[in-house]
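Per the numbering used here: the sequence shown = residues 277 to 620.
For the record, the hints were derived by calculation from the structure and aren't laboratory data.
Do not take every clue at face value.
Here are the simulated BS3-like cross-link-like pairs (lysine-lysine), alpha carbons at most 30 angstroms apart as the crow flies [stated by the list, open to error]: (1) Lys517 to Lys328; (2) Lys336 to Lys517; (3) Lys517 to Lys331; (4) Lys517 to Lys332.
Derived DEER-like restraints, expressed as beta-carbon distance ranges [claimed, not checked]: (5) Pro380 to His453: 28 to 36 angstroms; (6) Tyr480 to Ser557: 37 to 45 angstroms; (7) Leu419 to Leu553: 16 to 24 angstroms; (8) Met431 to His567: 23 to 31 angstroms; (9) Leu497 to Ala373: 28 to 36 angstroms.
The beta-carbon is built from N, C-alpha and C at its ideal position, and this holds for glycine as well.
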Amino acid sequence: FSPMVPIAWENGVVVDGSWNMAGVTLMAGGLFIAAWSTYGFETAVCYTREFKDPKKDTFKAILYSGLLCIVVFTLVPLAFQGHLGLGEVVTPPVVEADGTVSSPAVYSGMLAPDVYSGMGVASVMSHMVGGGEVVANVLVVMLVLAVLLSIMTSMAGSSRTLYQASVDGWLPRYLSHVNEHGAPTRAMWTDLGFNLILLMLSDYVFVLACSNVGYIIFNFLNLNSGWIHRIDRPDWERPFKAPNIILGIGVVLAFVNLALMGLGADIYGAGTLTAGLVFASLIIPVFLYRHYVQDKGQFPDAMIEDMHLNDQLPSGGKRAGVLPYVTLAAGVVVVVVSHSLAVY
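Hey, can you work out the whole structure from these sequences and the hints?
Okay, structure coming up:
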């Protein structure tokens, strides 16, 4: 943990950075991209339909997934950095006569090229447990299977989300189809098609960062939906009713996430934030097509019934009113201001 400062490059070598705006921006970029995998644990609730007792099991699934996430994303970085350290210079930098760096220094440890790229993770893990080449090969197979599992999990969760959004009147009707086993096959094929297109793009980190912009926006809406739902429908039966303090913490974290996005998204390439916002906005014409062309401006009856939109407010009842719109405007301000403060 010492020194507790961001790393920086100077004349092709790694030096201790400082907590100036450039250092804060770098940290925000790391936390921004980490949100893709850490918050992704919420995919557990995508399978609510398949739970034996959704009222009890949904809360258990998201709680224990969150606890597992905290444990894994705490122990793994500490274990790797504790074992490897930041490393030492293996090959010094090549500096031209005019002072330009033609080739930066190559390091061992956490800054080693194979660790940085991820290609040498299995070898490091094998060395950590005192294994040899056989253990390393086994770990390679396990890591490949882990990648396949993550692909299957993300496709299964997102296809179920696409299906439910179609049923509720947000996405085109063809996504509402399920097979005889209740699996949303058309949504799964759509998912696969988009993934194949993305695989043809060369800069996968840029693609990941762009997609994470959309995910942070969704996360912001999700965290704020709790208090809106509480105000709009205070008397609904809730299998688990989150304390007000938890809802408040969620709101704070929603804005923190937006600030991290505004500060750190462009760490992964100039225009990453703009590209992500553009891609996220493409869902708007999709919704307009479904709502106004396919449904003629009316939400499906099933969605109205599920949301109790026809219910009358009880005496003294109230709706969130303009507050959700104020929240959206505040979110835009946070992104704009934080992005203007970033130093790359």
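Against the structure, the hints come out as follows:
no.	hint	verdict
1	Lys517 to Lys328	20 angstroms, holds
2	Lys336 to Lys517	13 angstroms, holds
3	Lys517 to Lys331	11 angstroms, holds
4	Lys517 to Lys332	12 angstroms, holds
5	Pro380 to His453: 28 to 36 angstroms	52 angstroms, violated
6	Tyr480 to Ser557: 37 to 45 angstroms	22 angstroms, violated
7	Leu419 to Leu553: 16 to 24 angstroms	33 angstroms, violated
8	Met431 to His567: 23 to 31 angstroms	26 angstroms, holds
9	Leu497 to Ala373: 28 to 36 angstroms	54 angstroms, violated
Violated hints, listed in ascending order, are 5, 6, 7 and 9; each of the other numbered hints is respected by the structure.
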